[in-house]
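Residue numbers (my numbering), protein chains in the order written: chain C, 1 to 203; chain H, 1 to 257; chain S, 1 to 218; chain X, 1 to 586.
Just so you know, these hints were derived from the structure itself, not from any lab. C-beta atoms are modelled at their ideal positions from N, C-alpha and C, and glycine is treated no differently. Among these hints, one or two may not hold up.
[As the list claims (entries may be wrong)] Partner residues are not named here, just some residues of chain X that face chain S (Cβ under 8 Å, in silico):
#1 Pro-162
#2 Lys-298
#3 Phe-390
#4 Ser-467
#5 Ser-558
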Amino acid sequence: MSGTMSVGAVREHPLPEGTEQPFPGLSTEKFAVWLFLASEVMFFAGLIVAYLTIRYSSPSWPVVSEVLNVPLVAANTFILIVSSVTMVLAFDRAERGEAQFRYFLLATAVLGTIFVTIQAVEWAELMGEGIHISTNLFGATFYTLTGFHGAHVSGGVIWVLIVTIKAFRGRYAKNPLGVELVGLYWHFVDVVWIILFTILYLI
Amino acid sequence: MSSHQISRWMCIMLFLFAAACGGGGEGGAVEDDEAGASAVVDPATAGRVSGTINFTGTAPEPQLIQMDAEPVCLEQYDEGPFTQDVVVNDNGTLANVFIYVKSGLEELEFSTPTEPAVLDQQACRYHPHVLGIQTNQTLIIRNSDPFLHNIHPQPVNSRPFNISQPTQDMETERSFPAAEIMIPVSCDVHSWMSAYVGVVDHPYFDVTGDDGAFELPNLPPGEYEIEAWHEFYGAQTMNVTVGEGESVETEFTYEGE
Amino acid sequence: MTVESISTFGNEVDSLFLIILIVTGFAFVLTEGLLIYFLIRYRHRDGSKARYIHGNRQVEILWTLVPGLMLFGLAIYQTGAWQLIRQILPAESEALVIAVEARQFEWHPTYPGADGRLGTDDDIEAPINVIQVPVNRKVIVRLSADDVLHSFFVPALRVKQDAVPGRPISLWFEATKVGQYEIACTELCGLGHYRMRAFLTVAEPADFEAWLAEIEAR
Amino acid sequence: MDSETATISADGHGGHPAPTSFWRKYIFSVDHKVIGIQFLFTSLFFALIGGALAMLIRTQLAWPFREVPGFFPTSGGVMLPEAYIAMVTMHGTIMIFFVIIPILSGAFGNFLIPLMVGARDMAFPRLNMYSYWIMVPAFLVMLAAFFVEGGTAAAGWTSYPPLSALADMVPGSGMGQTLWIVSLLLVGTSSLMGAINYITTIVLMRAKGLTTFRLPLTIWALFITAILVLLATPVLTSALILLLLDRGMGTHFFLPDGGGNPILWQHLFWFYSHPAVYIMILPAMGITSDVISTFARKPLFGYRPMVYSIMAIAGLGFIVWGHHMFVSGMSPVLGVTFMTSTMMIALPSAIKTFNWLGTLWGGNIHFTSAMLNAIAFVAMFIIGGLTGVFAAATPVDIFIHDTHWIVGHIHYVLFGGSLFGVFAGLYYWFPKMFGRMMDERLGKIHFALTFITFNLVFFPMFILGASGMPRRLADPYQYEFLAPLQGLNQFMTYSAFVLFLSQLILIGNFAWSLFRGRQAAANPWQANTLEWATTSPPPHDNFETIPVVYRGAYEYASPLIAEDYLPQHRWLDGATPTTVPQPAGD
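Whenever a hint applies, use it, and build me the whole structure from the sequences.
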């Protein structure tokens, strides 16, 4: 490793000297997370295309605003957006080496958990009204899309918690790459929710 | 579902695997005999119930089965094959009626008969149209036609199965673990073919033939409820008491419109 | 194609098959011939070095444009045939409309009764797997399926159309030769898939009417 | 994914330390070479199973329902129709998902990518190990399906609903179909992990001097294939999940009685499966380009057009899926668009074929086993590609869709194409993998037998297709218009037995050479690419020192030096330019 490392200078694992340096700033892990997100985009694209074709080819579709609790989920969307903001702040502080980034990470994890709980509440409400996954195509598509997104958010919360625990053990003092990776994933999950919120609740 | 097991030759695998080999056993596993001692009916005191199934009124016209799809079968009928749901015999009795003891034998256990019952598929029809069999008794399903029959019984109390018999004189064995009054049997390849199988857990059952008569021999003395079942006119029951060595004559009557 | 075509658009399909056979046959002979020639001509001889060349722009452009034009030509040529066969259905007034419903392992044809319209209670149920049509008359088949996917394939008519449960689909043909032809199912539909054979009889209009009346009488 | 990556030191022997225990060395290894060989052995084993299934299918087609003693005990040696369609399904599924893709992307991808780009190992060695070890449950689940009640899935390798969704439609679609779906989900996850590893390694960990357009075509092909896997496999995952929900949770995505649409499955499935067929052919194209250029001792003709063609095939591959559905009830207007895009995708394949011929032109061709198989790839791929043009023309497709014409086209591209590419790669890189040479004489015998019998089995399929013989029929001969074809089918079955038996020669040669083949030099074929710059087999972390690259991979017969090959990493004294200045575009 070359010379002493000031926090700002080195952000990723250095690539071996003897390699071609096509993208000097890019580490293998970040590139891999971007690729993983590309495959996740295609996965959600498959589900969304299935939902849209089913919705616009089926003769009757329930009026969404009557069935779903749109105001509650709108608030929930806001919570997820805030959690993205706290994640950005977490990475920004981590990069500057300020220790308070750990609390922003914690905030993101808490907000994420709140989001998942509110979704679970909405599910319980909906099931109370007798709409289950097998009731009709509306139920099937709704539960599949929100279910898989919820699973991804839960996975994200677990990943953020792992990073937070490591942060409290001082793991990212020298190299905040881990925080950036979980941040990329979190923003992806947030963007997917914004799309899902629009096509499931608003139109 | 017919259990299909690949041959041993395919199983010689270099790869050691701890797959949870699902129980790919024979279809409709044939359990061993009931645990209880099988009741032996003392022939001296045994009675019997017999009688006829009368039919009054006019029966619906039997429709012609349009068997043009299978010329091989159509040729075997000189006058057009007719549906068998209502067959009134010349002597005013009703054929294809399944008679069995509905209640009164609960505390007795009966051994499963060894010789199998046979359901044959010949000239695109099931022979017999109505069949009685005991629980766990082996049913031989034979295909006497030179092409595929795909027998598809749909019992409620036991597992439905759907087996294909592509070649002539092919026999497949199955059995029904649970009693059930009238399992509908159909063929997926020839939708006009139909048959009914009555599964009871004792040997006291009979199907009326072209004489419309039935007989339930060597019944131990006692109070019994006898039921007669017909696919079109439904079921009728009757209470009968059989004394020692007594032969009870009875009859059921179905009215057409 | 070995099965003789008896439908009006049949020879459109056959001629297109022939044209593609000629075009691809020419390409096949050219490329495999060059391959064999190069293998023999340029096999290893001691001491000689291969020709040092990395490529040639002109020849690359040449063998991009020529196949491109051939393929594009094929694409343009056959849109007409596809439109005729699949996109334009003849008017229902001048055609005989029959409904064929595919079920696990058999075809159920239904003919319109005297009123000439399907779905009315005077429709005639023809026997399973037996379809008869008059010769030299446009026929529209309303194909539907009852349980799984099937595919209505009449080799002699050059007609194939999947029967999709829940989505009735129409196809048309016009038979030009009297005779009996076989119908096969070409979409895997279960263990009896190979046994879903049906008969298409093309008859003179008079015989067809007599047959229909006789069926109705049954 | 805060996995601590191997800290690869500048020039020392960094990377993960060489494993010592047997388990770490051979079973749970993170060395890309060992993982590649694990994929190779597993796939060769499954190739035997797939081949055996093919023999059973051929026997049924030659003598339908003939009693075969020792097989199918429950039905007295007769292959019932439900067993036949189960065989057809499993033959397709195993050959595609457990043989062709794992050998090309799994075995060759894992073994070659780090070596050919000059890296010590993959970017994420542990992720690489997981990608193999997630395949193992996939194998077990698929094999377990043979023994469960009702047997394996029987709705074709395409598993169209409602047949695949409703449990009682065919015996196999009970437990067997569920296991089929779970197994494919696992295979999808494994290939996704592999793809991420491959792309990262190729893009970020190349040796110094190895610029993008100096990469050998095998690497370009594996790189573009990994992108196809990355973008197409998730769509299959979503479709499989929807099918699983239809089967298990009572949803009706693809079931018409609940409002669902079976054609939606076909769209989702083929959106994955057409890129999948390019996933199966592109690596073989790359391998063939390298093998032909090496044994013609001549630079590859038209390197850049070849690279752009691979990209064009991958790009167009995403917009042609509808040509599988011309007669499926999809709207005819869509038929026209998909027909046009399908006609266009034939173009890059044609360009590649002409460039292979251009490479052979003026060459100095050595007919080793690897070269023979690579040439057979070109010869057979031509037939495979041209017969695809018939299927692209929609009116002709009306007649030949789902007939044996399509089966012939599939096998000419997958067996004639990919499998001959695999054989070429096997004979070419066996010395590098195992440090021993394979026997050339046996290799040529195996090639001759395989090439001849391959054509005897699969070329008649176009005759069957032209006479309208549908696929997947357990007994086609009770149709009068097909009865005369039984003799031809019996001939094809005899040839198929010889084809299957002639593979034993390859297996024998492979097994024998593993232990007793001649010792292999570092560069037995005198080739240029980087994997030949290290010993055979390479040490644990591949290179003594990471090589520096000075030129492209195809500097054969270069006028600069006496020998007829100039390896990428060979340093010429300062005076001579590293490569000959090129005339017009290369």
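A quick look at each hint next to the structure:
{"no.": "1", "hint": "Pro-162", "verdict": "5 Å, holds"}
{"no.": "2", "hint": "Lys-298", "verdict": "4 Å, holds"}
{"no.": "3", "hint": "Phe-390", "verdict": "5 Å, holds"}
{"no.": "4", "hint": "Ser-467", "verdict": "4 Å, holds"}
{"no.": "5", "hint": "Ser-558", "verdict": "6 Å, holds"}
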